[in-house]
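Novice: Starting from the known structure of chain A, arrange chain B with the ligands on it as the hints suggest.
Heads up: the protein sequence lines correspond to chains A and B, in order. End of the first sequence = 313 in our numbering, gap-free, step of one. End of the second sequence = 682 in our numbering, gap-free, step of one.
Hints were generated in silico from the structure; no laboratory data involved. Even for Gly, the Cβ is constructed at its ideal location relative to N, Cα and C. Take these hints with a grain of salt, some might be off.
As the list claims (entries may be wrong) - Examples of chain B residues toward chain A, derived with CB under 7 Å:
id, residue
1, Asn453
2, Leu455
3, Val475
4, Ala476
5, Leu484
6, Phe486
7, Arg491
8, Gln492
9, Ala505
10, Phe509
11, Phe511
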Amino acid sequence: MSLSFLEGLRFARVDSPLHRADPRAKFAMALSFFASSLIFTNALALLALFALQIPIALMGRIARRWARSLRGGAFLAILIFLMNFLTGQGASFSIAMSLRFFCLLSSFSIFFLTTSPDDLGLALEQCKIPYAISFTFTTAVRLVPTMAMDAQEIIDAQRSRGLELERGKLLRRVRNYIPILVPLIVCAIRRSLEMAEALESRAFGASERRTSLIALRMGAGDFAIVALSIALLASSIYISRSFQMPSLEALDSLLSFKWGFAQPAALGRIPKA
Amino acid sequence: MIEVEGLVFRYPNGFEALRGVDLRIGDGEFVAIMGENGAGKTTLVKHFNGLLKPTLGRVLIDGVDTRDASVAELARSVGLVFQNPDRQLFSETVREEVAFALRNFGFSEEIVSKRVERILGMLDLSEYADTSPFLLSGGERKRVALASVLVWDPKHVILDEPTIGQDHLQKERLRDFIMQINDQGKTVVIVTHDVEFVAEAKPRVVLMSKGEIVGDGRAEEVLSDRDLVDRASLIRPQISELADSLSDKGLPRGLIDAYSARSAILRLLRERHVPELP
Ligand SMILES: Nc1ncnc2c1ncn2[C@@H]1O[C@H](COP(=O)(O)OP(=O)(O)O)[C@@H](O)[C@H]1O
Ligand SMILES: [Mg+2]
Numbered sequence: 041m042s043l044s045f046l047e048g049l050r051f052a053r054v055d056s057p058l059h060r061a062d063p064r065a066k067f068a069m070a071l072s073f074f075a076s077s078l079i080f081t082n083a084l085a086l087l088a089l090f091a092l093q094i095p096i097a098l099m100g101r102i103a104r105r106w107a108r109s110l111r112g113g114a115f116l117a118i119l120i121f122l123m124n125f126l127t128g129q130g131a132s133f134s135i136a137m138s139l140r141f142f143c144l145l146s147s148f149s150i151f152f153l154t155t156s157p158d159d160l161g162l163a164l165e166q167c168k169i170p171y172a173i174s175f176t177f178t179t180a181v182r183l184v185p186t187m188a189m190d191a192q193e194i195i196d197a198q199r200s201r202g203l204e205l206e207r208g209k210l211l212r213r214v215r216n217y218i219p220i221l222v223p224l225i226v227c228a229i230r231r232s233l234e235m236a237e238a239l240e241s242r243a244f245g246a247s248e249r250r251t252s253l254i255a256l257r258m259g260a261g262d263f264a265i266v267a268l269s270i271a272l273l274a275s276s277i278y279i280s281r282s283f284q285m286p287s288l289e290a291l292d293s294l295l296s297f298k299w300g301f302a303q304p305a306a307l308g309r310i311p312k313a
Numbered sequence: 405m406i407e408v409e410g411l412v413f414r415y416p417n418g419f420e421a422l423r424g425v426d427l428r429i430g431d432g433e434f435v436a437i438m439g440e441n442g443a444g445k446t447t448l449v450k451h452f453n454g455l456l457k458p459t460l461g462r463v464l465i466d467g468v469d470t471r472d473a474s475v476a477e478l479a480r481s482v483g484l485v486f487q488n489p490d491r492q493l494f495s496e497t498v499r500e501e502v503a504f505a506l507r508n509f510g511f512s513e514e515i516v517s518k519r520v521e522r523i524l525g526m527l528d529l530s531e532y533a534d535t536s537p538f539l540l541s542g543g544e545r546k547r548v549a550l551a552s553v554l555v556w557d558p559k560h561v562i563l564d565e566p567t568i569g570q571d572h573l574q575k576e577r578l579r580d581f582i583m584q585i586n587d588q589g590k591t592v593v594i595v596t597h598d599v600e601f602v603a604e605a606k607p608r609v610v611l612m613s614k615g616e617i618v619g620d621g622r623a624e625e626v627l628s629d630r631d632l633v634d635r636a637s638l639i640r641p642q643i644s645e646l647a648d649s650l651s652d653k654g655l656p657r658g659l660i661d662a663y664s665a666r667s668a669i670l671r672l673l674r675e676r677h678v679p680e681l682p
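Next comes chain A alone, as it looks inside the complex (with noise of 0.2 Å):
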């Protein structure tokens, strides 16, 4: 078991037009992403949707990154079609919802990706939340590494001590967690103990209003970041309400085997949605 997936959401420190481009504005195009792959249910637009999403990985110089928490999360994809594919929702359904987990994932992974946890930091507190959230969230951001880490340890002192984690029956598997999930929580509150500490004594909270050495501000191409983003969600929701979509059901067919290879045509058919 490897949880070197969670690498793929990690900030990589490259030179890129993408790290360089603002926060908020990568943010809106993460967002506009995420909503239309919430749009449709259309395997072919999803499909595309996450087509659209690989030249942005290969902008910002972190396609290989990209593909391993793709690869990552390949597992939960999987468990995502055979759940609604054993629970009757047909082939090309179950298959649009894998890949709407692609497109989601890789929406958030491009962001985590190209945004450093400062830049996260920055673009809340200029949005005028208040720094002891702002704080919070960049440093739970910047704190997942450390707790992967504790728990790959964790996992391979209990494998150690003989536990297997895939044996038994599923309440047995899930009460096969506990000796990993303990000491993970354990060591969080721990290390959130000291850091809370360590805070503290370098007087944390002390001014009211702290004013910060970078301003962001929003330049051209970032207001085509979010224009293009605003586009795309406009197009998605136009789209998904004004066309009936070409669908993979020829697969359902296929997969049901109630008609088997005999229906070409289910191709170009036009589904109802």
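Specialist: Showing chain B with the ligands alone in chain A's frame:
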């Protein structure tokens, strides 16, 4: 027998932490793996019970390739004790914590309680049997972690940084304990930075640097070799520095602990017909 042949290991992020390691540790040996932070010591010992599988090369435990066995199977003969006890303690009482592995391995309750009591006694933990492990001091938690592995009596015992966070007295006890289980025939491998600890226990020393083994031999040979020790960013034992600075007076090189230095100095004094100090 632990056999490592041409072991190369690459982490998923592409970092090559082991770059061709060959090592053979016989049954009943006492070995210290030393080297700078990040040398790959932990990565290496995680291969001994199959937590990590070789990218290239192979690791054999008593003749079994670690690729062909599960961690739980390998753990029966290779007990790996991790550096930080806080990343494994989870039970409500010390007794439950120590019994955890035995239950995983399917021992009967009768054997479980017998073995737990015995190991708690051996490690001076009996009085804490019903205490929460979280309430114990750092050194005690470390001993609980040790007990929770030794309890199933693995043939090979691997300890990752056992002396960190221990005071002097605890270290001395730990050393005695390690040597005791080694005398009983167990293979003991310790991973450590603690030069003084190694100088007194005198195991075979395997020195690592940057993912490779750079030195392997008796503690006296390896730890008194300035170049080797420098290469692994360690500092030689103080006695070793002393022996070197007095070598022109006839003190032999290769001394690493106070005990043997004392006898060497006394011998020197006697040879020179200097009246022995009272
Ligand atoms: N999960 C991991 N992913 C990537 N690199 C790692 C991981 N764990 C350790 N490393 C790297 O491998 C090297 C060896 O680590 P480790 O075996 O823990 O060293 P040691 O125990 O000798 O201090 C270090 O440079 C470390 O940064
Ligand atoms: Mg280590």
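Novice: Now tell me if each hint is right for this structure.
Specialist: Status of each hint after checking the structure:
{"no.": "1", "hint": "Asn453", "verdict": "holds, 6 Å"}
{"no.": "2", "hint": "Leu455", "verdict": "holds, 5 Å"}
{"no.": "3", "hint": "Val475", "verdict": "holds, 5 Å"}
{"no.": "4", "hint": "Ala476", "verdict": "holds, 5 Å"}
{"no.": "5", "hint": "Leu484", "verdict": "holds, 4 Å"}
{"no.": "6", "hint": "Phe486", "verdict": "holds, 5 Å"}
{"no.": "7", "hint": "Arg491", "verdict": "holds, 5 Å"}
{"no.": "8", "hint": "Gln492", "verdict": "holds, 4 Å"}
{"no.": "9", "hint": "Ala505", "verdict": "holds, 4 Å"}
{"no.": "10", "hint": "Phe509", "verdict": "holds, 5 Å"}
{"no.": "11", "hint": "Phe511", "verdict": "violated, 10 Å"}
The structure shown violates just one earlier hint, number 11.
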